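First to last, the protein sequences are chains X and A. Counting along the first sequence from 1, when you hit position 16 you're at 16 in the working numbering, and nothing is skipped either side. One gets the working numbering by counting positions in the second sequence from 1 and adding 1000 to each.
Hint data in this document are derived by calculation from the structure and do not stem from the laboratory. Just so you know, not all the hints are guaranteed correct.
Residues from chain A shown here face chain X by an in silico Cβ test under 8 Å; the list is partial [as the list claims (entries may be wrong)]:
#, residue
1, ALA1008
2, ARG1069
3, PRO1136
4, ALA1143
5, ALA1465
6, ILE1531
7, ALA1535
8, GLU1547
9, GLU1553
Computed from a prediction, not measured in an experiment: that's the story for all the values here. Backbone N, C-alpha and C define an ideal beta-carbon position, used for all residues, glycine too.
For reference, the chains in residue letters:
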Amino acid sequence: MAKSSVGFRGRTLVALLLGAFVLIALSIVWRRTIGIAEAERLAALDSKRATLESDRARLDAEIRDASSRQSLGTAAERRLGMHVPTDKQVVILPRPRQNETP
Amino acid sequence: MKRPSRTAILHGFFIAFALALVARAAKVQVMEGKQWSARAKRQHFFASSLSAPRGEILDASGNTLVESREMTRVAVALPEVRDTALVIKALARASVDADAVHAAIARRRRWIDLPGLYSTSDLAPISKLNGIHLTPVLQRVYANSSSIQRIIGQLDGQGNAMSGLELSLDTLLRGDSGKVRLARDRDGRALDSPDGWTDEPKPGATVVLTINNTLQEICERQLSIAVDSLHAAGGDIVVMNPHTGDILAMASNRVGKTSFANTAVTEPFEPGSTLKPFVAASLLEKHRATPTDVVNTHNGQLELDGRVINDMHKAASLSLADVIRFSSNIGIVEFGQRLTPSQKYETFRDLGFGMPIGVPLPAEAAGTLREPRQWSKQTSASVLMGYEIAVTPLQLVTAYAAIANGGELLEPHLVKEIRSPEGKVVYSAEPKVVRRVMSFDVSRTVQKMLLAVVQEGTATKADLATFDVAGKSGTARRTSRDEGYTTGNYTASFVGLFPGNDPQYVVLVKLDSPQGAHYAGGDIAAPVTQIVLRAALSARDAALNREDLAASEKDASSKAEKASGGSPVRIVRTDEVRDRPNPASYDPNRNIAPRESEPPTRSYVVDLPAGSRPAPVPVTARAIPDVSRLSLREAVRTLHGAGFRVRLLSAATSGTAPAAGTVAAPGTIVELARPLE
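Let's have the full structure, built from the sequences with the hints guiding it.
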């Protein structure tokens, strides 16, 4: 009876060890799988960030070009009939003294 | 001896096998562990280079002129492609040039680099296709200005600096590239790894220029209009702050040339009469003449050393001040005889002519200034008239800055500041005096002479109604290959100081080979200066100190009256003598007129400089409006609308002084009192 009990304990122990081994192995595989998936997601996000940065630079450049005098000046003169004011038409406001600032 | 049972043999075999495995494992793990570990790392990880973002270049106000942008280069590895038709279709959808794709695939090479760079976002759908390889490349995005590109320069396709500031400041701008260790998945794609390391790239420094982008655009646009309308071969405009040496704008234009050379620095020219003020300054400095000294100007024609010198404005005699005012060649040659050749040479050498000025731009020209021992018999007179000497536009502006700032030759600056990637200022330009080239008194005397040039002399077309402008025009014959000086081929130039009494700008306008009847600097370069100044005055940020400018502002009517006083000197204009048609005024606005295909626009009155001084503008007195119930903003706007100037005061009650209803002349300062909260 006692022999059978020892044998049972030994097999149980081996089974438990094997089970633990399988669980640990599974958890390592799972962790690596998750890690790789996260790395792929990170790489995709990084690529998206670079793309967005690139687009921002392109849009900034387009805004600069569109708001430059070369673009706006030509449109203002040709389409709206505007012109550069003469110096007589420019009024320079004197800066109020410190104690006069409202 | 008892034979071992088959079970025991089997056990023994397993034990031996297990021991062999353990031994092998021990060998692999313990004895060869490092080698295997290194081999595994080589297979699973790889080091990738990280490009450092190239530094930005900003203008003086912090506006971006150049920045880096990530683009993508596309390559196709044909052996990896499973479905060629699918790849071609996908590339076409991603805006990749279809012809280039077909041509590349037709060549059946194993690896094909497709031409051009593409937006990363456009290529996102094809990034996972087999056989498509995308490589990120940093591309420079420049401000849409050819003149800015002439200053900044360019990079080649591989990102190497080729010209301009990109080349001269390359070590600062390019930064240090870094490295990263990435993991490789089963398909060979790179993945970030927790075991990896990163040697972060160090971005390039940010360079802040002294260039004011608004003023640069103004100069570039007006230069383009002038070159087009005058059918000139090109031109340059340089604007400098005479008190700091900061180059505020540097625009260049060359018709039909695609080169990005900065001609304001690389192309010397014979300055002609714009050099005469320096001769006058030298005469005054050495006490060889006073502004009122008079010389015989031979009624506009003088034969000297085997050649005839002519004056456009003919007179029997002229004072030194009038020689500058009417740009008399004979007068300056007569006065110049009071200087020795060495003194003439030293005058020009001290102004920095004949040597590079030291701005951080590659291929800067030194100009030409020969030593007196190399001079011919005629050189002594020629240099006084601005011939046989060549200067770059930047050298000439720098020399005029000395007249404007009280006599000190300053080192010109193009780079205002350099900031490390962390934002720390590692270099800041400070005004640096090279040498004093004339005394303060002499500089003020010459400045007065230059004021007279614009008010009553050869460059009245540069004048403004409410500000004084000082300056000197120049019209120099140009040489052509194998023919020497040719008729009808001129360099027209004007160098202006604005405002004339306390200059904030030194402006050089130079036009090469203008065609037609208008070729004199005073006729075509001076009006360009005027329109540049007007545009700068109306711009929000054009590097002008408006507080100082307000102090220099003059009443338009009094200025016109002063100018209409006229000159006591009897001057006979060349056109009167030769009965040549009077050249029409250059109209800087003429090519903003609508083209035939465009709808007609309303016409507006633009005050243009005329040959005679404009008549005083009639001013009508009007009543000061009642603004006591209006908000501060509306009150100021109403008073401005009525033609008055406004000064704000704090007071217990709202009101104006003079009181509402008082009749006052336009331009009168109305004090607007408002209680402080």
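To see whether the hints hold, each was checked on the structure:
A hinted interface residue such as A/ALA1008 counts as satisfied when its beta carbon comes closer than 8 Å to some beta carbon of chain X; here the least separation is about 20 Å, so the hint is violated. With 8 Å as the threshold, the beta carbon of A/ARG1069 comes within range of chain X, its nearest partner Cβ sitting at about 4 Å, so the hint holds. The interface hint given for A/PRO1136 is met, as the beta carbon of that residue sits about 7 Å from the closest beta carbon of chain X, less than 8 Å. Contact between A/ALA1143 and chain X, as hinted, is supported at the beta carbon level, the nearest pair being about 6 Å apart and thus within 8 Å.
For A/ALA1465, the interface hint holds, since its Cβ comes within 8 Å of a Cβ in chain X; the closest pair sits about 5 Å apart. Here the hint on A/ILE1531 is kept, as its CB sits about 6 Å from the closest CB of chain X, short of 8 Å. The criterion of a C-beta within 8 Å of any C-beta in chain X is met by A/ALA1535, whose closest approach is roughly 5 Å, and the hint holds. Residue-level restraint check for A/GLU1547 holds (minimum Cβ-Cβ distance to chain X is 6 Å; threshold 8 Å).
Checking A/GLU1553 against chain X: minimum C-beta separation of about 6 Å stays under 8 Å; hint holds.
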